Amino acid sequence: MKSYRKELWFEAPKRRGFFNLTPQVEQCLHESGIREGLCLVNAMHITASVFINDDESGLHADFERWLEKLAPENPHSAYDHNRTGEDNADAHLKRSIMGREVVVAVTAGKLDFGPWERIFYGEFDGRRKKSVLVKMIGE
Amino acid sequence: MKSYRKELWFEAPKRRGFFNLTPQVEQCLHESGIREGLCLVNAMHITASVFINDDESGLHADFERWLEKLAPENPHSAYDHNRTGEDNADAHLKRSIMGREVVVAVTAGKLDFGPWERIFYGEFDGRRKKSVLVKMIGE
Amino acid sequence: MKSYRKELWFEAPKRRGFFNLTPQVEQCLHESGIREGLCLVNAMHITASVFINDDESGLHADFERWLEKLAPENPHSAYDHNRTGEDNADAHLKRSIMGREVVVAVTAGKLDFGPWERIFYGEFDGRRKKSVLVKMIGE
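Chains as they are written, first to last, in this note's numbering: chain A, 1 to 139; chain B, 1 to 139; chain C, 1 to 139.
Since the hints were made in silico from the structure, they are not lab data.
Since the model is a prediction, treat every value here as computed from it, not as a measurement.
Don't take each hint at face value.
Since copy identity is lost for identical chains, a pair holds within one copy or between any two.
No farther apart than 27 Å at their CA atoms in a straight line, the calculated lysine-lysine pairs in the BS3-like style are these [what the hints assert, rightly or not]:
| id | residue 1 | residue 2 |
| --- | --- | --- |
| 1 | Lys6 | Lys110 |
| 2 | Lys110 | Lys2 |
| 3 | Lys130 | Lys14 |
| 4 | Lys129 | Lys6 |
| 5 | Lys130 | Lys6 |
Here chain A stands alone, though its shape is the one from the complex:
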């Protein structure tokens, strides 16, 4: 069995944003030499998500509006968590909807994707450095 590990680092310029990680994860897979196995990609921070969806900017705007409706940032005082000195309670909730991680099949040395699947990093509390973990096992 082979295993592979890499951290990818990001600094989102705004509080929230979506970033296509697919090319970086494909590069990891190439480095790993794994042909058959499983690839885990997870946010290492608990105010961010890794998810699979469409690379379409209109949809990303819809996600932003929708998440803000389901788990509004403001008022910060609406959240007990923000009494600890934080202002990011909403980011913990948004990340819960979008998910922490994806597991992707690796087949014949490639990410085994459907036609429109792309891996995204969803940042909900940016403007600081944060990381994503890529871990693969297989052979």
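Assemble chains B and C onto chain A, guided by the hints.
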């Protein structure tokens, strides 16, 4: 290490619906010969989900109503994504709540389930052929 | 390839609550002897979640309020599932938001976590014994 891969294909007759995949995934496990390992089951399309819950029609009706409340289909014009010519932005959101994938333990040649766990395909933009990927690794 | 399996059992005193599983999963990893691999932790019951977030009681109070807003317990009669004699339809919905499972990388014999990642069991229909499955593969 053994690995196994199969695509399952569906054509949902309506826009939305839930389908119990468990027998097909059990058949895949039987074909794989894997006794100990992990089984990934994921939607290959980004307007559908794979999730684990109860095989109870009342609950499925509750899911349908609840998802339509959290991410309504109409009006189509409420979503930027639908300006691209699509009408399925709500399906991308519904799938985000229900999830893309499940990972199930394989123990002693069986899906290692709790008493009521069943694997479902959740279609949110049907009336066309769509696929689910089953990938297993183990030995 | 090594594999490891253990059931963890809980009896939540109230209908809902969050419990930090991290020490128990770390103990499982120690028992497994696995140094590199993947660790699956999943609820075996379909009215509970396993998720990764912050060990902060204010945030947990926010989660409780937020989930109750998105998928209210009452009135029980609002849900078709509750016509079967159950009263826990809301628990199935809450669990869908928070997720069934997490997959965690194992690196150098440790759970490969970011700085604040902790594994939680989220109970949404407690006051009875329920179980979580830990399954690891690797070497």
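Results of checking the hints against the structure:
1. Taking the shortest Cα distances, Lys6 and Lys110 sit within 27 Å of each other both inside one copy (17 Å) and across copies (15 Å).
2. Taking identical chains as interchangeable, the C-alpha atoms of Lys110 and Lys2 lie at most 27 Å apart whether they share a chain (15 Å) or sit on different chains (17 Å).
3. Taking identical chains as interchangeable, the C-alpha atoms of Lys130 and Lys14 lie at most 27 Å apart only when both belong to the same chain, with a minimum of 13 Å there against 36 Å between chains.
4. For a Cα distance limit of 27 Å, the shortest separation of Lys129 from Lys6 inside one copy, 16 Å, qualifies, whereas the shortest one across copies, 36 Å, does not.
5. For the identical chains of this complex, Lys130 and Lys6 are intra-copy neighbours only, at 14 Å inside a copy versus 33 Å across copies, given an alpha-carbon limit of 27 Å.
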